[in-house]
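Peer 1: Here is what each chain is made of, one letter per residue.
Number of protein chains: 2
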Amino acid sequence: MDRKIFEELLSAREYKAVRSILNVMNAVDIAGLLSELEDKELVLAFRLIPKDKAADVFANMESSLQTNLVEMFTERELKVILDELFLDDTVDLLEDLPANLVTRILETVDREKRNQINVLLNYPDDSAGSIMTTEYVDLRKHTTVAQALTHIRRVGIHKETIYTCYILEQRRLVGIVTAKDLLTMDDDVTMEEIMETDIKSVNTHTDQEEVVRLFRRYDLLALPVVDADNFMVGIVTFDDAMDVMVDEATEDISKMAAVNPSEKSYFDTSVFQHAKNRIVWLLILMLSSTVTGILITRYEKAFDVVPLLVSFIPMLMDTGGNCGSQSSALIIRGIALDEVHFKDIFRAMFKEFRVALLVGPLLALANGIRIMLMYHDAALALIVGSSLVATIIISKLLGCILPLLAKKANLDPALMSAPIISTLVDACSILVYFSIATAMLPQL
Amino acid sequence: MDRKIFEELLSAREYKAVRSILNVMNAVDIAGLLSELEDKELVLAFRLIPKDKAADVFANMESSLQTNLVEMFTERELKVILDELFLDDTVDLLEDLPANLVTRILETVDREKRNQINVLLNYPDDSAGSIMTTEYVDLRKHTTVAQALTHIRRVGIHKETIYTCYILEQRRLVGIVTAKDLLTMDDDVTMEEIMETDIKSVNTHTDQEEVVRLFRRYDLLALPVVDADNFMVGIVTFDDAMDVMVDEATEDISKMAAVNPSEKSYFDTSVFQHAKNRIVWLLILMLSSTVTGILITRYEKAFDVVPLLVSFIPMLMDTGGNCGSQSSALIIRGIALDEVHFKDIFRAMFKEFRVALLVGPLLALANGIRIMLMYHDAALALIVGSSLVATIIISKLLGCILPLLAKKANLDPALMSAPIISTLVDACSILVYFSIATAMLPQL
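Chains A and B are the protein sequences, given in the same order.
Under our numbering, the first residue of the first sequence carries the number 97, and numbering increases by one thereafter.
Under our numbering, the first residue of the second sequence carries the number 97, and numbering increases by one thereafter.
Don't take every hint at face value.
Restricting the straight-line Cα-Cα distance to at most 20 Å, the calculated cross-link-like pairs of lysine to aspartate or glutamate (DMTMM-like) are [what the hints assert, rightly or not]: (1) A:360 with B:435; (2) A:296 with B:98; (3) A:255 with B:315; (4) B:149 with A:315; (5) B:276 with A:277; (6) A:175 with A:148; (7) A:276 with B:289; (8) B:439 with A:148; (9) A:296 with A:265; (10) A:439 with B:180; (11) A:276 with B:440; (12) A:149 with B:231; (13) A:360 with B:440; (14) A:276 with B:294; (15) B:255 with A:282; (16) B:276 with A:265; (17) A:296 with B:125; (18) B:100 with B:110; (19) A:296 with B:335; (20) B:397 with A:148; (21) A:149 with B:364; (22) A:276 with A:315; (23) A:276 with B:180; (24) A:276 with A:234; (25) A:149 with B:294.
Chain A residues, not near chain B, derived (Cβ > 10 Å throughout) [to be verified]: (26) 159; (27) 188; (28) 197; (29) 220; (30) 289; (31) 293; (32) 300; (33) 411; (34) 440; (35) 458; (36) 539.
No wet-lab data here; the hints were simulated from the structure.
Note that beta-carbon positions come from the ideal geometry of N, C-alpha and C, so glycine has one too.
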């Protein structure tokens, strides 16, 4: 839908046309369209959305827009939306709202819902509890397929997902039946006969990374969440798992570039927040790289005698840094995907060592040819070449050891990536380079 | 299940116990367990898996194990597996098998399936066609809910997903009905009355990145795929979309570390292949960074007079590189998540410029204090500080401009990340640094 035409229809008060348009569009696209409107137009357009779609559109909006809408809603409008909103979407909304609006919302919902919301709000960030919903279809062992279908038909429309049904016995989860089973089995079969009992579930405090790992590994649509007493308390649905998956990758990419991850999108993050997210690592890395500078001053005499030596410093530092980043990126990703574990550390080191032995001499050769062509100096080519090989071996090894050690120490492996490794490799390469140069050049 | 116990049971020929164990385990975990066995034990254990699970276990195995199994299977066993295997899993299998085994498999399946497989195999890599399955539930407009349920009950068990049903009219897709609709609507309602007509679909040649974008945006379970004539040809299911999502993030992370992405996991990639994936970029970057080295030689006189100048080179280069990586990582991820577009380039530049103005002076100050403490040299602090600020501004701008330009030129923005940007920033920082130094120090 073209935004301009939509805005013109709105300001021309062609509400019937606007309603028809909103009637055929889906909730996600309506949310996208509305997010480009001014506040006044926004609330006007929102009121024209068909009742059965309004809550869905609301759930798909950015939190800043949700805040604006909640501020402008009447009590009645707010109540209608909150009644329709899924519980986990309500909790997401509350997490981003200013305190006065949170109070207003908690006053609007009924007591039972308020209690559920309060429980969900109290789960730690990034835990399964914080992304689950307490709405799901539960059945009993002796329920028949026909009874189950009738039950779903009655309550199912209010449940976020009905495709996986949970068989409970005294609130404990004993089996799972899928909607596919219900649709393809005979009416008089009981749940006990068809339920899957090899159940994957998580605890309310399980980290959301583990939740995502289970979704990926078992191609799940929903994952049950149990509390400390093994009582079933909710489910995580695949759409939320997909969001977490994307967020985790974003977080890793940020950390690998020495940026504290932000939950907001690039443009939604303020300049000040961007600076804050970046300055700490920059400062640490800058001060660490002065160590390399100080090392260089120790070899002042060397480049006093052979000034050309200085000109190879950037090449050595860059190549070392790049080699280290390559290894660390692959290892960090391997850890995130559960393909590389700490117990593999020696296997990984041996692999990186052999890669370095292939890559190093090749690069040294290319560089040697360049030096011979430009300076006709075989000694120089040998010094730079052997420093290069040594640097590459060191950086490939550091690139694979450090993320694995971080993992072992329960730190995020993504922190041990390009920036830190480059800084470490810099110091090593300078030491190696000038040691070799001092040893090989008689005049130093 | 403990692998050792399982192996002992196998070698003690306790097949009844093994069968019982395999009976309660789920397919994914069985695949994991079997992948640790020797070839002989593998085929033995595989034969003990309950019939209804065998194909599912097979589909969840790594391609190297699938190859081994196909080689050891009898004709009959192969046929049983292939009959049960979903079409998209069969195609995945064929893509990784050696040619002689591909022929053997194509000879085993019936003609209709062979034709479908050949069509699927011909779609370009990374296209929607290459990840779709041609098995889905299709219904007509006038079908009633009761008829639809009966139809699903009859055919559904063989379809990969039955939760979204497609309403076709002369092979063209006109509507979508979910299993939730079918389960909650009255028996005599027709598809036409309840179908959603605002359909998201893709073409067989649509890039899989776009497929994933649609899954994420609309929280889909399945996405219909149409051909050039708008005839419905298949669906992509959410589990495959999830895999693509993970693969795309891995690919971006690899490229951002100057590694050609590999489809295999870290340890499954050979040392030679690892070296091959890394050497090209290393070579390009190494030769580019020699430009910085050559620039340095132009200022030989300067560090001849003030040798201390050299010691700040690593700090300047590293900080510039880190600042550039931070910006480029955020912009690249923003582009991948569809949050940052080329049209935003000036907005992004302005944002990065302001971030640089916050971050730069702070770092310069920290560095200035260090220089004053160590060398008591205000002129040096000023030279290094102003070079630092200039370098940071340049690198933040390059970090946001280059990925966006790459996107505009239809290149992968992930290529314009840390390694390339560091190399470019290095040269800039050296130029700025020595120009400022030459201008400010009278003795140079």
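Peer 1: Now look at each hint and say whether the structure bears it out.
Peer 2: Cross-check of the supplied hints:
Simply put, residue 360 (chain A) and residue 435 (chain B) have alpha-carbon atoms about 10 Å apart, close enough for the 20 Å limit, and the pair holds. Taken as a hint, the residue 296 (chain A) and residue 98 (chain B) pair is honoured in the structure, with Cα atoms around 17 Å apart against an allowance of 20 Å. In summary, the hint linking residue 255 (chain A) to residue 315 (chain B) is supported, as the alpha carbons are separated by about 16 Å, within the 20 Å threshold. Restraint check: the Cα-Cα separation between residue 149 (chain B) and residue 315 (chain A) comes to about 15 Å, which is no more than 20 Å; the hinted pair holds.
The suggested pairing of residue 276 (chain B) with residue 277 (chain A) holds, with an alpha-carbon distance near 14 Å, which does not exceed 20 Å. Restraint check for residue 175 (chain A) and residue 148 (chain A): the C-alpha separation of about 14 Å stays at or below 20 Å, so the hint holds. Straight-line distance between C-alpha atoms of residue 276 (chain A) and residue 289 (chain B) comes to about 23 Å, which puts the hinted pair past the 20 Å bound. As the CA atoms of residue 439 (chain B) and residue 148 (chain A) are separated by approximately 35 Å, the hinted pair breaks the 20 Å bound.
Restraint check for residue 296 (chain A) and residue 265 (chain A): satisfied, since their Cα atoms lie roughly 17 Å apart, inside the 20 Å limit. Among the hinted pairs, residue 439 (chain A) with residue 180 (chain B) is inconsistent with the structure: their alpha-carbon atoms are about 37 Å apart, more than 20 Å. Distance restraint check for residue 276 (chain A) and residue 440 (chain B): the Cα-Cα separation of roughly 46 Å exceeds the 20 Å cut-off, and the hinted pair is therefore not satisfied. Distance hint between residue 149 (chain A) and residue 231 (chain B) is unfulfilled; the C-alpha atoms sit about 31 Å from each other, more than 20 Å.
With a CA separation close to 17 Å, the supplied pair residue 360 (chain A) and residue 440 (chain B) stays within the 20 Å bound. Distance restraint check for residue 276 (chain A) and residue 294 (chain B): the Cα-Cα separation of roughly 25 Å exceeds the 20 Å cut-off, and the hinted pair is therefore not satisfied. Note on residue 255 (chain B) and residue 282 (chain A): the hinted pairing holds, with a Cα-Cα distance of about 18 Å set against a maximum of 20 Å. Annotation: proposed proximity of residue 276 (chain B) to residue 265 (chain A) is violated, straight-line Cα distance about 25 Å (limit 20 Å).
Our distance criterion of 20 Å between C-alpha atoms is met by residue 296 (chain A) and residue 125 (chain B), whose separation comes to about 11 Å. Under the criterion of a C-alpha separation no larger than 20 Å, the hint pairing residue 100 (chain B) with residue 110 (chain B) is consistent with the structure, at around 14 Å. In summary, the hint linking residue 296 (chain A) to residue 335 (chain B) is supported, as the alpha carbons are separated by about 17 Å, within the 20 Å threshold. Between the alpha carbons of residue 397 (chain B) and residue 148 (chain A) the distance comes to roughly 77 Å, so the proposed pair goes past 20 Å and is violated.
Between residue 149 (chain A) and residue 364 (chain B) the alpha-carbon distance is near 48 Å, which puts this suggested pair outside the 20 Å criterion. For a cut-off of 20 Å, the pair hint linking residue 276 (chain A) to residue 315 (chain A) stands: about 15 Å separates their Cα positions. Proximity of residue 276 (chain A) to residue 180 (chain B) is assessed by CA-CA distance (about 17 Å); at most 20 Å being required, the pair is judged to hold. A C-alpha spacing of about 16 Å is found between residue 276 (chain A) and residue 234 (chain A), which places the hinted pair at or below 20 Å, so the restraint holds.
A C-alpha spacing of about 14 Å is found between residue 149 (chain A) and residue 294 (chain B), which places the hinted pair at or below 20 Å, so the restraint holds. A cut-off of 10 Å between C-beta atoms confirms that residue 159 (chain A) is not in contact with chain B; the least separation is 15 Å. No beta-carbon of chain B comes within 10 Å of the beta-carbon of residue 188 (chain A); the shortest separation is about 14 Å. Listed as a non-interface residue, residue 197 (chain A) keeps its Cβ farther than 10 Å from every Cβ of chain B; the least gap is roughly 25 Å.
Every Cβ of chain B is farther than 10 Å from the Cβ of residue 220 (chain A); the closest lies at roughly 25 Å, confirming the non-interface assignment. No Cβ of chain B comes within 10 Å of the Cβ of residue 289 (chain A); the nearest lies about 15 Å off, and the non-interface call holds. For residue 293 (chain A), the requirement that its beta carbon stay farther than 10 Å from each beta carbon of chain B is not met, with the minimum near 7 Å. With a minimum CB-CB distance of about 23 Å to chain B, residue 300 (chain A) clears the 10 Å threshold, and the non-interface call stands.
For residue 411 (chain A), the non-interface assignment is contradicted: its Cβ lies about 5 Å from the closest Cβ of chain B, within the 10 Å cut-off. Not every CB of chain B lies more than 10 Å from the CB of residue 440 (chain A), the least distance being 7 Å, so the non-interface label is violated. Chain B draws residue 458 (chain A) into its interface by the beta-carbon criterion, the shortest separation being 6 Å against a cut-off of 10 Å. Interface exclusion of residue 539 (chain A) from chain B stands, the closest Cβ pair being 16 Å apart, more than 10 Å.
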